[in-house]
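K.L.:
Using the sequences provided together with the hints, build the complete structure.
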Amino acid sequence: MSGLDLTVRIGAMTMKNPVMVASGIFGYGDEFKGLANYGELGALVLKTITREPRAGNPPACRTAETPAGMVNAIGLENVGLDVFLRDKLPAALEYGTNIIASIAGETPEDFAECAGALDGSQVAGIEINISCPNVKKVGMSFGVDAEASSEVVSAVRGATGKPIIAKLTPNVTDIASIAMACEAAGADAISCTNTFSAMVIDVEKRCPLLAAGTGGLSGPAIRPAAVLRVYQVAQAVKCPVIGMGGIWNARDALEFILAGASAVAVGTALYADPAAGNRVLGGIRAYLEDHDVGAVGDLVGSVRL
Amino acid sequence: MSGTDASARRGSGDGGAGAQRIRAEIVENERLPGEHRRLLLKAPRIAENARCGQFVHVWCHSPDELDRPPSAALLRRPYSISRVRPPDDIEIMMRVRGNGGRMLAGRSEGEELDVIGPLGNGFYIRESLRRAVVVAGGIGLAPVPFLLQTLNSRRVQVVLLVGAASDEMIPYRVERSGTDGGATLPELATLGGEVAFASEAVEGKLVTDLLEERLGELGAEGDEIMAIGPRAMLKRVAEMVGRRLPVQVSLEERMACGVGACRSCVVPSTDGAYKTVCRDGPVFYASEIDWERLDP
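Those protein sequences? They're chains A and B, same order as listed. Numbering-wise (the numbering used here), the first sequence opens with residue 1 and increments by one. Numbering-wise (the numbering used here), the second sequence opens with residue 306 and increments by one.
Derived from the structure by calculation, the hints contain no laboratory data. Here the structure is a predicted model, which means the values were calculated and not measured. Backbone N, C-alpha and C define an ideal beta-carbon position, used for all residues, glycine too. You may find that some hints are simply not true.
What the hints assert, rightly or not - Here are some, though not all, of the chain B residues that point toward chain A, as calculated from beta-carbon distances under 8 Å:
# : residue
1 : LEU371
2 : ASP372
3 : LEU379
4 : ARG381
5 : ILE421
6 : SER569
Stated by the list, open to error - If we take Cβ atoms under 10 Å as the criterion, some of the chain A residues that face chain B in the derived model are:
#  : residue
7  : GLY27
8  : ASP30
9  : LEU35
10 : PRO58
11 : ALA60
12 : ARG223
13 : TRP248
14 : ASP252
15 : PRO274
P.N.:
This is the structure:
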């Protein structure tokens with residue numbers, strides 16, 4: 001047993017280590033049951049839900065593999081708040097670690113209603129998806145604007161005492177200003193970052209490959225760009241930052257931590273290696289031991305310029 | 306269609322539960338006619354539990370390199386289980402086209418593959434099934450040997466109809482010797498059952514033409530059609546047969562997670578919802594699919 005301190009605090013939520021699973025990747029959790037020890041991780045963020053069920057984008061082509069990445073345009077297909085609370089959340093809680101719900105909506109009131117309903121549940125925290133780039137009306141309009149982002153965070157803050165995390169889009173000119181607005185409105189943490197808006201074209205058919213036309217790029221291809229966004233956000237806010245974007249191994253995760261992330265989330269890598277989060281966690285432990293660092297918190301933001 | 310009610314099967318079929326992730330040794334990696342490849346894998350826990358029509362999700366790179374992100378073939382690739390060789394081995398078969406297939410083609414015997422499976426809902430073999438007409442187009446042949454194995458072990462009479470654009474588009478040797486002008490695939494015929502083959506290039510026929518010729522003799526209570534291949538073919542089979550007898554179809558779609566989480570591979574269903582090919586399928590009753598809304 002090592003004396004390493006891996007714990008991370010986000011508002012009232014304590015995570016036993018800084019490794020999380022990113023929203024959208026992991027479904028509602030039960031789909032991956034048995035493929036890795038997910039209870040070992042610090043927190044699991046489930047697929048974004050909305051108040052009402054959503055069918056999502058046309059089902060013709062929703063995902064495309066690209067060099068070191070993938071572009072997806074699922075369109076927030078989800079079972080809706082009621083089914084989530086009744087069927088999905090209880091199954092996810094069986095993992096025995098922090099379960100974080102992710103919410104989206106078309107108005108600040110939608111977000112608040114979801115947050116209010118989750119307030120009495122056993123979720124450890126609520127992530128506000130103001131940044132999903134796939135849906136024309138939902139989300140995007142908030143995340144690209146500091147004032148709109150602030151309104152959504154305020155509405156959620158007013159509806160719940162749970163820790164709230166604002167998940168930012170990188171598709172903005174000045175991500176730090178959005179992060180500051182979210183923090184000022186009551187966010188306990190910032191998730192950085194969602195996917196980069198992207199397009200893949202089928203040159204034979206001369207039309208977009210994805211049925212939705214455009215989608216969001218994730219995977220190792222975006223990692224250096226995401227690390228920079230985390231660095232910029234961490235410089236601007238006092239609250240914890242959760243870094244994500246193409247993390248594949250422990251060294252990737254450590255880049256985010258050194259840039260200022262208190263915790264990290266693994267996403268696309270889980271589709272190749274369902275135990276990617278566990279592998280990253282093991283690698284972080286090994287790094288801390290090899291470098292005589294007693295607490296992961298000591299590394300946060302310690303990049304030397 | 307009593308006894309074949311789709312919802313009854315759905316109720317019991319959770320196409321991801323019980324899947325195992327294992328390191329499977331490549332026992333054989335053989336080149337087949339055309340650009341096809343057959344891999345024999347030592348995968349005991351998958352071989353034991355697999356049902357025909359299910360698939361495995363394969364990481365195409367070395368399992369020793371999982372910690373290094375690849376630039377190509379980042380996602381796993383789904384492959385139908387082509388055959389089970391008890392007690393330990395499974396076969397997968399592919400047409401080598403993209404990055405993943407090329408990578409697998411280059412892997413050596415004795416190396417290991419990171420494989421998750423068995424995944425999805427396979428073919429439902431009802432107790433009352435007496436005769437199955439299996440309709441396969443092109444690489445839709447991949448799961449057929451396993452299906453024939455299963456049907457024969459259940460003493461179901463098999464008629465296999467196979468079609469392809471040309472002989473090179475299927476992984477088997479074609480034999481054209483009969484005076485009736487018909488072609489057959491001897492390697493599949495040895496698995497039991499009657500096998501008819503038509504290529505558009507030589508016979509000038511589609512597999513649906515072969516089915517049409519036989520349709521008149523079908524319709525008994527114990528008859529059923531099982532179709533695997535391109536969507537246009539599956540749709541045509543579903544339209545041709547209508548409600549005269551049950552039709553099961555195996556669908557393909559781009560996948561990312563393979564376990565029903567990412568919602569990449571959804572298809573429109575007649576109940577209005579989207580179903581995942583990976584977890585609700587890949588095998589569905591034709592009556593479950595909204596063919597009008599299904600992307601071609």
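K.L.:
Report the numbers of all earlier hints that the structure fails to satisfy, in ascending order.
P.N.:
none
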